[in-house]
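Engineer: So you can see what is in the structure, the chains are spelled out below.
Protein chains: 2
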Amino acid sequence: MLTIGRLADYAGVTVKAIRHYHERGLLAEPDRDSSGYRRYTAEHAVKLVKIRTLAHAGVPLARVKELLDADPDTLTAAIAEIDHDLEDRIAQLRRARGQLAQLRGGDRLFVSPEVADHLDDLRGLGVSERAIRVERDGWILMQTASPEDAALWIAEKRELMADPEFRALYLEHDAAYDWPPDDPRLAALADRIRNWFAGRHSRSEARPVHNPAIARLAAQSLPGASSPAWDRLARLVEG
Amino acid sequence: MLTIGRLADYAGVTVKAIRHYHERGLLAEPDRDSSGYRRYTAEHAVKLVKIRTLAHAGVPLARVKELLDADPDTLTAAIAEIDHDLEDRIAQLRRARGQLAQLRGGDRLFVSPEVADHLDDLRGLGVSERAIRVERDGWILMQTASPEDAALWIAEKRELMADPEFRALYLEHDAAYDWPPDDPRLAALADRIRNWFAGRHSRSEARPVHNPAIARLAAQSLPGASSPAWDRLARLVEG
DNA sequence: GCTTGACCCTGCCCCTAGGGCAGGGTTCGA
DNA sequence: TCGAACCCTGCCCTAGGGGCAGGGTCAAGC
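As you go down the protein sequences, you meet chains A and B in turn. Taking our numbering, I'd label the letters of the first sequence as residues 11 to 249. Taking our numbering, I'd label the letters of the second sequence as residues 11 to 249.
Don't take each hint at face value.
Identical copies go unnamed one by one, so any copy, or any two together, can satisfy a pair.
Cross-link-like lysine-lysine pairs, in silico, DSS-like; alpha carbons within 30 Å at most [said to hold, decoys possible]: (1) Lys26 to Lys57; (2) Lys75 to Lys57; (3) Lys60 to Lys26; (4) Lys26 to Lys167.
If you are wondering where the hints come from, they were derived from the structure by calculation, not from laboratory data. Just so we're clear, the structure is a prediction, and the values are computed from it rather than from any experiment.
Let the sequences and hints guide you as you build the complete structure.
Structural biologist: Structure, rendered in structure tokens:
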């Protein structure tokens with residue numbers, strides 16, 4: 011009659027799995043024939059299909075064992091629960107697909123949507139990729155330190171970016187990275203930066219937008235995050 | 011700056027998983043601070059999110075390691091493949107859900123749709139659950155032995171069931187199970203069975219519908235698959 | 001009768017992707 | 001200054017089998 015291999019084919023399961031179920035006590039060992047081969051009956055086949063159905067649904071074998079001789083009400087409740095889990099897992103896999111698609115480009119996986127929009131804006135303005143990367147890494151650090159604060163800060167920063175003068179300063183500061191440190195434009199730029207800050211402060215909404223400690227960390231974390239021109243500029247702005 | 015716990019929260023991963031990625035060489039070990047704590051940078055965060063995204067998509071860590079420093083074209087191809095796998099797995103889970111729903115009742119999980127329809131027909135005719143169970147188990151054994159033959163046999167059997175006389179005999183034979191072995195109706199039934207077989211044979215389409223060896227196996231596999239009345243009936247039919 | 005390929009047996013070690021716990025040191029906020 | 005919350009290494013554990021070794025068995029064809 012039924013050998014282990016045939017039973018395995020019937021149930022869509024490997025021979026090894028069947029032996030495993032015997033070991034775990036899920037499926038009773040059948041009688042053996044004269045040469046020691048296991049000989050199965052239709053009842054084994056029925057039980058095995060039940061085991062396989064639950065196992066393929068991700069139910070741990072220990073739980074399968076319980077369910078095999080649970081009363082119908084318990085079984086019905088358990089099946090509803092398992093079905094729910096399956097639904098969840100399908101939703102998870104779908105989310106995984108969505109994220110996977112974003113892996114090939116863009117920063118949306120690493121920062122909040124608001125920050126990602128901000129980075130896109132910078133790109134639209136013609137900001138260098140180097141600067142964008144420094145920004146991104148800074149925001150990542152801020153978000154890990156405190157997502158709530160980061161959310162507030164990005165909102166402020168985006169308001170700031172609405173100011174044409176600030177945008178101009180941002181771009182010029184970005185361009186200054188490559189200037190020679192004795193470039194005469196640095197002094198002029200430093201003046202405009204100071205003036206702009208003074209103007210903001212006079213309007214009394216003077217909160218520091220960037221936590222300077224964090225900004226420094228972000229700068230340290232990347233090679234090429236500063237330059238001789240920027241160092242000089244910083245000294246000029248400080249006075 | 012970034013401790014392992016914060017990094018883990020940011021990436022939606024456990025601390026243990028991060029240490030595991032270090033061991034496997036997926037994520038570079040960061041510098042340690044004076045007390046031996048790991049201190050991470052934004053670059054670690056970016057890489058970790060990539061790892062997590064792939065790992066959540068079910069990519070084995072060894073493969074993740076390869077993909078992390080693959081060229082963009084290879085990566086694009088790999089992502090397409092992984093996405094395909096994900097789609098397959100979603101389809102599998104959906105199938106698992108469908109099968110799970112059938113676990114609570116019915117025989118459709120265990121036999122082919124044709125056999126299941128046949129069993130439903132028997133139920134509709136008022137055949138006893140005991141007989142239906144014997145049929146089901148017989149068909150399971152036949153299907154495990156040879157699905158193709160079983161498909162042919164069930165087609166023949168269903169044709170047979172279209173014959174009102176055969177149906178009547180089937181039902182009476184079923185009912186006879188509980189009769190006393192000396193019941194006078196047994197002899198009459200045996201006659202009708204013999205006549206019916208004779209009629210079929212004369213119409214020259216005389217193929218055995220049931221493989222007798224298999225039928226016997228099916229009968230053996232179940233307790234209560236025979237009775238004193240049936241034993242007597244068998245002797246009467248044989249002559 | 002003999003061989004050959006497909007089965008079957010037990011027993012052993014291996015894998016993935018971490019989880020859990022022990023036993024100890026560190027940092028931070030009140 | 002103290003307790004809670006972190007962090008460190010090291011070790012063992014898990015599910016669900018896969019793979020292989022080393023050996024016995026069965027069925028078909030020659």
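Engineer: Hint by hint, which ones does this structure get wrong, listed from lowest number up?
Structural biologist: 4
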